[in-house]
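> Protein chains in written order, with the numbering used here: chain A, 207 to 607; chain B, 3 to 216.
Keep in mind that a hint or two might mislead.
[Said to hold, decoys possible] If you want the ones that stay clear, here's a sample from chain A, every Cβ over 12 angstroms from chain B, calculated:
1. SER457
2. PRO473
3. ASP576
[Said to hold, decoys possible] Derived lysine-lysine pairs resembling DSS-like cross-links, with alpha carbons at most 30 angstroms apart:
4. LYS194/B <-> LYS459/A
5. LYS394/A <-> LYS383/A
6. LYS440/A <-> LYS23/B
7. LYS459/A <-> LYS109/B
8. LYS139/B <-> LYS109/B
9. LYS139/B <-> LYS527/A
10. LYS109/B <-> LYS182/B
11. LYS459/A <-> LYS23/B
12. LYS186/B <-> LYS139/B
13. LYS23/B <-> LYS109/B
14. LYS459/A <-> LYS527/A
15. LYS459/A <-> LYS440/A
16. LYS194/B <-> LYS182/B
17. LYS182/B <-> LYS139/B
Bear in mind the hints are in silico, worked out from the structure with no lab data behind them. Ideal Cβ placement from N, Cα and C applies to all residues, glycine included.
Chain residues, written in single-letter form:
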Amino acid sequence: MAPGIRPLHDGTMNALLATRPRRLPRWSWGVLLPLVMALSLTLWGFRYSTLVVVLLAVIISYTVPAVAADLLPIALINLGVHWLIGGVHLARSGTPVPASAAGGSSGVGGLISSYQSIAANPAYNSNGVHFVIFGAPTSATDMTTVAVIEATAGLAVVLFGLWLIPRTLGVHTGLVKRNSELSTRVQKLAATRVDAVDTAARELRRVERDLHDGAQARLVALGISLRATERLIKTNPDAAAALVAEARENSAKALAELRDLVRGINPPVLAERGLGDAIRALALDAQVATTVEIDLPGRPPAPVESAVYFAVAEILANAAKHADAGTVHILAAHSAGMLRIEVSDNGAGGADPALGTGLLGVERRLGTFDGILAVSSPPGGPTIVVIEVPCALSSPKTFSC
Amino acid sequence: MRVVIAEDLFLLREGLASLLKQHDFDIAEAVDNGPALLRALLGQRPDIAIVDVRLPPTYSDEGLRAALEARSQVPGLPILVLSQHVEQLYARELLADQAGGVGYLLKDRVFTDEQFIDALHTVARGGTVMDPEVVAKLLARPSNQKPVTRLTDREREVLALMAEGRSNSAIAQRLFVTEKAVSKHCTSIFAKLDLPPSDDDNRRVLAVLAYLNS
Numbered sequence: 207m208a209p210g211i212r213p214l215h216d217g218t219m220n221a222l223l224a225t226r227p228r229r230l231p232r233w234s235w236g237v238l239l240p241l242v243m244a245l246s247l248t249l250w251g252f253r254y255s256t257l258v259v260v261l262l263a264v265i266i267s268y269t270v271p272a273v274a275a276d277l278l279p280i281a282l283i284n285l286g287v288h289w290l291i292g293g294v295h296l297a298r299s300g301t302p303v304p305a306s307a308a309g310g311s312s313g314v315g316g317l318i319s320s321y322q323s324i325a326a327n328p329a330y331n332s333n334g335v336h337f338v339i340f341g342a343p344t345s346a347t348d349m350t351t352v353a354v355i356e357a358t359a360g361l362a363v364v365l366f367g368l369w370l371i372p373r374t375l376g377v378h379t380g381l382v383k384r385n386s387e388l389s390t391r392v393q394k395l396a397a398t399r400v401d402a403v404d405t406a407a408r409e410l411r412r413v414e415r416d417l418h419d420g421a422q423a424r425l426v427a428l429g430i431s432l433r434a435t436e437r438l439i440k441t442n443p444d445a446a447a448a449l450v451a452e453a454r455e456n457s458a459k460a461l462a463e464l465r466d467l468v469r470g471i472n473p474p475v476l477a478e479r480g481l482g483d484a485i486r487a488l489a490l491d492a493q494v495a496t497t498v499e500i501d502l503p504g505r506p507p508a509p510v511e512s513a514v515y516f517a518v519a520e521i522l523a524n525a526a527k528h529a530d531a532g533t534v535h536i537l538a539a540h541s542a543g544m545l546r547i548e549v550s551d552n553g554a555g556g557a558d559p560a561l562g563t564g565l566l567g568v569e570r571r572l573g574t575f576d577g578i579l580a581v582s583s584p585p586g587g588p589t590i591v592v593i594e595v596p597c598a599l600s601s602p603k604t605f606s607c
Numbered sequence: 003m004r005v006v007i008a009e010d011l012f013l014l015r016e017g018l019a020s021l022l023k024q025h026d027f028d029i030a031e032a033v034d035n036g037p038a039l040l041r042a043l044l045g046q047r048p049d050i051a052i053v054d055v056r057l058p059p060t061y062s063d064e065g066l067r068a069a070l071e072a073r074s075q076v077p078g079l080p081i082l083v084l085s086q087h088v089e090q091l092y093a094r095e096l097l098a099d100q101a102g103g104v105g106y107l108l109k110d111r112v113f114t115d116e117q118f119i120d121a122l123h124t125v126a127r128g129g130t131v132m133d134p135e136v137v138a139k140l141l142a143r144p145s146n147q148k149p150v151t152r153l154t155d156r157e158r159e160v161l162a163l164m165a166e167g168r169s170n171s172a173i174a175q176r177l178f179v180t181e182k183a184v185s186k187h188c189t190s191i192f193a194k195l196d197l198p199p200s201d202d203d204n205r206r207v208l209a210v211l212a213y214l215n216s
């Protein structure tokens, strides 16, 4: 987009672009994760906490994949810390402590005393971590070896968990970003779909009304004139001839109205020649002297052609009606998968798209194709309107006889 | 006079053919698609061809393209183009070779058969006939440049009627003036548009072209 181009303030596309997903800073996770870890230790205690965290991770991974990714290092660190504390405690005490000696106080002191008691409990030894790794220990010496190995393994697992954090954080932000982009996309698609359906319905109503008030009424009049002619043709040939002339006039008017209607639905030049020549035809018919510079090696898809054609027609009409422009220049080109039309005039400027419904309608129609419309119109002019629609061009049609 | 007709709608093609026969035209060939039209134009070399813009196989502007192609091979081959809609863009393309013998009318003009037959004769003679709707669009357009701005209102009126393919006597009738007055206007128009003296039909074509390019 050229510098100085101001996007429409209430344009759907521009509003959505402004609310792009933002990343959480990495340091916040560095604070948050240890906090969560400490909390999980305090709340869930010792024996099942790792299992609970893993289970939670599995459940959450089905609903919030981004958080599940974070839970893996948490679970590992949790496990490692258990081993470490258990190992250190065993090394210090050397012999199992009876379960009855366990303290019941709360807080960090309570936490540690509960570790001490549980680690020393034979019941724990028969189904806990020690048992899993080494089998049931039989003597104090055995317990010391177990304690050293266990503490070392615990430290390794903690370090591995810490090493994993930045990696899973990357996964987390990626997932969050993707999620946010997808929801933005869904919102936009929902909005443009409503616009597209509304526009189509409005167009159909207009066509129906025009046919009803125009061609249909003329054909009724035609039928009446013909019936009257039928009655008069022998008795009053002069009156009959006048009625026939009237009927012919009516049929010509009906044709003219149908022609205008067709122009509003699918302009014939657009159908016959494509966007480039249709814009040239618009320029020739414009109320303001208009020059064109068109570089389109093929044709965009028909719906895009149509939307862009009516957009250019609206912009040209505005330039003539409101801007009091003396000349208009239209540039049309396609590069890197983007169709770009620039309409500039030397009029009074000061065009505010928010005030008129014309340009907003154009923007909505282009939005269906992920197209955008931007207006730069400082007071005193010049006004530049840019349309961009992502699309591919089909190869030019070849004609041979 | 030998005519080639290119029209894909059967009813319209037969209707045109019977209308033309009533006016002593001789139907050399009636075709219904672009490639056949080009063959007919180049093979038959008719005195006049009536061509629908939109023809099979692509239903785009095959008729117009065939007409332009034939005229590029046979300059001045008289062709009257008919269409459901008229475009200045197409009018310019038809007139661009400046060879004359070109007409461009809405299909409904066929209803008024005298005028339609007149138009056919004008084009066959090498004249130019533009639909009043094309001319009206030109009149509506503010021309802020070039020699056409030097014309008086009356001269613009005369030029507009000239573009519709009317003869001096028809213009005189329409404007309620004498034919002599019209020919005076014409001379003045040709002078103001810097058209060198040459045969009248050719100058009329050039004047219309200058008008279209204004």
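> Decide, hint by hint, whether the structure agrees.
Here is how each hint holds up against the structure:
| no. | hint | verdict |
| --- | --- | --- |
| 1 | SER457 | violated, 7 angstroms |
| 2 | PRO473 | violated, 9 angstroms |
| 3 | ASP576 | holds, 28 angstroms |
| 4 | LYS194/B <-> LYS459/A | violated, 37 angstroms |
| 5 | LYS394/A <-> LYS383/A | holds, 16 angstroms |
| 6 | LYS440/A <-> LYS23/B | holds, 28 angstroms |
| 7 | LYS459/A <-> LYS109/B | holds, 13 angstroms |
| 8 | LYS139/B <-> LYS109/B | holds, 18 angstroms |
| 9 | LYS139/B <-> LYS527/A | holds, 17 angstroms |
| 10 | LYS109/B <-> LYS182/B | violated, 33 angstroms |
| 11 | LYS459/A <-> LYS23/B | holds, 28 angstroms |
| 12 | LYS186/B <-> LYS139/B | holds, 26 angstroms |
| 13 | LYS23/B <-> LYS109/B | holds, 18 angstroms |
| 14 | LYS459/A <-> LYS527/A | holds, 27 angstroms |
| 15 | LYS459/A <-> LYS440/A | holds, 28 angstroms |
| 16 | LYS194/B <-> LYS182/B | holds, 18 angstroms |
| 17 | LYS182/B <-> LYS139/B | holds, 28 angstroms |
Consistency note: the structure conflicts with the earlier hints numbered 1, 2, 4 and 10.
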